[in-house]
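A.B. asks: Single-letter residue listing:
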Amino acid sequence: MPRRERTRCVSDRRRLFVVAVGGSLFLAGCKGDKEKDDPRVALAARVGPATTSGDTTTKFADDGQWVRPAKDFQGTRFSGLTEINNTNVQKLHVFGTFSLGTTRGVEAAPIVAGTTMYIVTPFPNFVYALDLTKEGMPTKWSYKPRPVNAAQGVACCDVVNRGLVVDAGKVIFNTLDGRTIALDAATGKELWETQLANINLGESVTMAPLVVKGKVFVGVSGGEFGVRGWLKAVDENSGKLAWTAYHTGPDKDVLIGPNFKPFYKMDQGKDLGVSSWPADQWKIGGAGVWGWITYDPELDLIYYGTANPGPWNPEMRPGDNKWSSTVFARHPDNGEAVWAYQLSPHDEHDYDGVNENILVDMDWKGTRRQLILRPERNGYFYVFDRKTGEVLSAEPFGFVNTTTGVDLKTGRLQYAPEKATRIGQVVRYSCPAAPGMKDWQPSAYSPRTGLVYIPHQNLCMDEEGLEANYIAGTPYVGTNVKMYAGPGGNRGFFDAWDPVGQHKVWSIKEDLPVWSGALVTAGDVAFYGTMDGWFKAVDARTGNPLWQFKTGSGIISQPMTYSYGGKQYIAVLSGVGGWSGAIVAGGLDARDSSAALGFVNAMKDLPQKSTKGGMLYVFAL
Amino acid sequence: MSSRSNGWRATCSALIGILLLSACERENRRFQENPPTATPTSTALIVSDLQPGPGMVIPKVEAPYDDNAWAVSEGKSLFNSMNCSGCHFQGGGGIGPPLMDEEWIYGYEPQQIFASIADGRPNGMPAWKYSLSTQQIWELVSYVRSLSGLNPKGARSGRDDHMMRKTPEASTPNAVPKMSSTPPEDSA
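So the protein lines, in turn, are chains A and B. Mapping to the working numbering: the first sequence position 196 is 241, numbers consecutive. Mapping to the working numbering: the second sequence position 118 is 119, numbers consecutive.
If you're looking for bench data, these hints aren't it; they were derived computationally from the structure. Model, not experiment: these values are computed from the prediction. Among the clues, some could well be false.
In silico DSBU-like links for lysine-lysine, alpha-carbon gap of 35 Å or less [what the hints assert, rightly or not]:
(1) A:649 to B:179
(2) A:654 to B:179
(3) B:154 to A:410
(4) A:595 to B:179
(5) A:189 to B:179
Some residues of chain B that are not near chain A, with every Cβ distance over 12 Å (derived) [as the list claims (entries may be wrong)]:
(6) 27
(7) 50
(8) 53
(9) 154
(10) 164
The beta carbon of each residue, even a glycine, is placed where N, CA and C say it ideally should be.
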């Protein structure tokens, strides 16, 4: 390993814009068990499958548990439980709490498997198992993976963790310093540990793994550090690496072979991961994976998106920069790519493509189709045919002026030339800002309403290109950014979107960016949290506010629901931070409007509205 | 009368002399020189205010470039070209803590900042001593100090070449430095 890294650093260094500052230069980096008598089964059975739009792929069994952050393989974040519903949600009260012992941004979902709740915290990535069978949910076991402290230096946007997964009696999670660890879900005993990322190359891991057919999928973060993005599959039983798919470079590294059939011409051709970059720049071209992976058991395909290309400054990387900001469909067994679609070719504004691909079967213009619903960072709500990668619709779900639309014939995003990022030039009022119309915060889909519930932000920015220097293990960005509220002055929205009608059904204005995920239930209630700590329930059909509770810190995590002993519970983690909350989590100085990649400028008032925290809240009727 | 005006003259020329001298230092460009020795003594690494036993006097190391405008501006361009700005931005912080405020985790004395940069700090601050010369690190020390007004105003940058991100160092109010009361995050 070290030898290989060195060669890579040297060749990168030869070519890149490195400023020679003196003789002594640099390149520092060169160098669940399910209980048998689970009382919830009865409740789930009573609730039965959801009714309306006749969705066939989404399986609603197992509503008592919530074993992965998105609940099901399809990423719906929908629960069939109905005890808590739009007529009684006002009666929710706190059932229990638990302090995580950390103070950085909490993005994870509590996970429930069997009669245990599992939580992974932000760095230093403690894992807790809480016993749901006992009063007060006492700790069954806890685990400290002790990630190296220096890993905090390569986490671009707070030291978050997006959750763990329980599968086949194992708790599987990632650490910030790039390890994937499997624990015995019953005892917390470590079963295996595999080092996947290297912090000296700027690599870290923040995403939740997904387990499909005995393989654990993990991607790398570090689009702001010039990593070469990858997705790896690790054997669930041994922890051994099964395959690696890179997102830049020659086809053989990207696992593109004879069965690769992208729908659009722009994504067809040999070795585009090399030829769409200036010489060798693909080696440090970003395109990590730190968002969501979903799985269709029928087509046997996993779906995920890749992050922004590096550096942000687009003038340093002429070309489409494949395969950054791209949706991939791959076979889970061997990683082989089946199709790909580049959402934002030659990204100009840090529009990562990591958002969730929600898999549903719906009637689309009279025919039943296997679809992907995808509210994208660049501001468009995409509907794809998930067999072919064809874009059926791409309509803006907020104010966009950096692009003018998606050409459905060529599939290509149409950039507004006046908003292009240029070195030494300040372009003002580009919308959406760098975190996009919607960042990591996952939306939810209800088969009862047919609507997608989208938590998102409303931000614009001033942007200036700068020359970026690649120094391994340090940021590789090359822009000045300053963000502020978009049209209307509110910084966030919680919206319901009709994917078939291709329009917004209702929209709730929030003062602060809505950085939490969404949850929707068969009780027709949608839940989300705000950065000033309110946990809110609204009517899934009308958006009418039904209930709210003020938690101790801002909410930027993923709410979930489960049942135990025939009773339904709603759980959420409170603890402000993340990129949007870095001003509080990192104690940043608002006088520098470029701080935290320009997000601080839009969040100057957050320290008055929320303080650091890390707490589980469980609610019940 | 005349003795009085002589007195005035003497005072004036003394003042002008001082001004000229300090102005000289402000404008001095050291293209070739023996880099100031770094070697902050072990006492420089003390980051605690709690010292058992009789109070200890920490010998203060002067920052060689605190009042040299050219060196401070060199420090500023290094701060951006070496990607310090990628983690600390223009002093407001991001991945790394703010450097323009009054709170310091590891100390604001020149030798402490030198140590922060040269040796790195455990929670994600890279060690730069093998990638930057001692002279460059001292330039960075004085630039970092200028962010919160710890060096003479005349030597601080009065303008920024880029998008307006914050008031220039010369017009930023001086902060009264103090050690941070929040201990850095640890992995207990």
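A.B. asks: If a hint holds in the structure, say so; if it doesn't, say that too.
C.D. replies: Each hint tested on the structure:
1. A:649 to B:179: Satisfied, since the Cα-Cα distance of roughly 23 Å is no more than 35 Å.
2. A:654 to B:179: holds (25 Å)
3. B:154 to A:410: violated (69 Å)
4. A:595 to B:179: holds (34 Å)
5. A:189 to B:179: holds (33 Å)
6. 27: At about 22 Å from chain A, residue 27 of chain B clears the 12 Å cut-off, so the statement holds.
7. 50: holds (20 Å)
8. 53: At about 26 Å from chain A, residue 53 of chain B clears the 12 Å cut-off, so the statement holds.
9. 154: Since the minimum Cβ distance to chain A is about 17 Å, residue 154 of chain B lies beyond 12 Å and the statement holds.
10. 164: violated (4 Å)
Of the numbered hints listed earlier, those contradicted by the structure are 3, 10.
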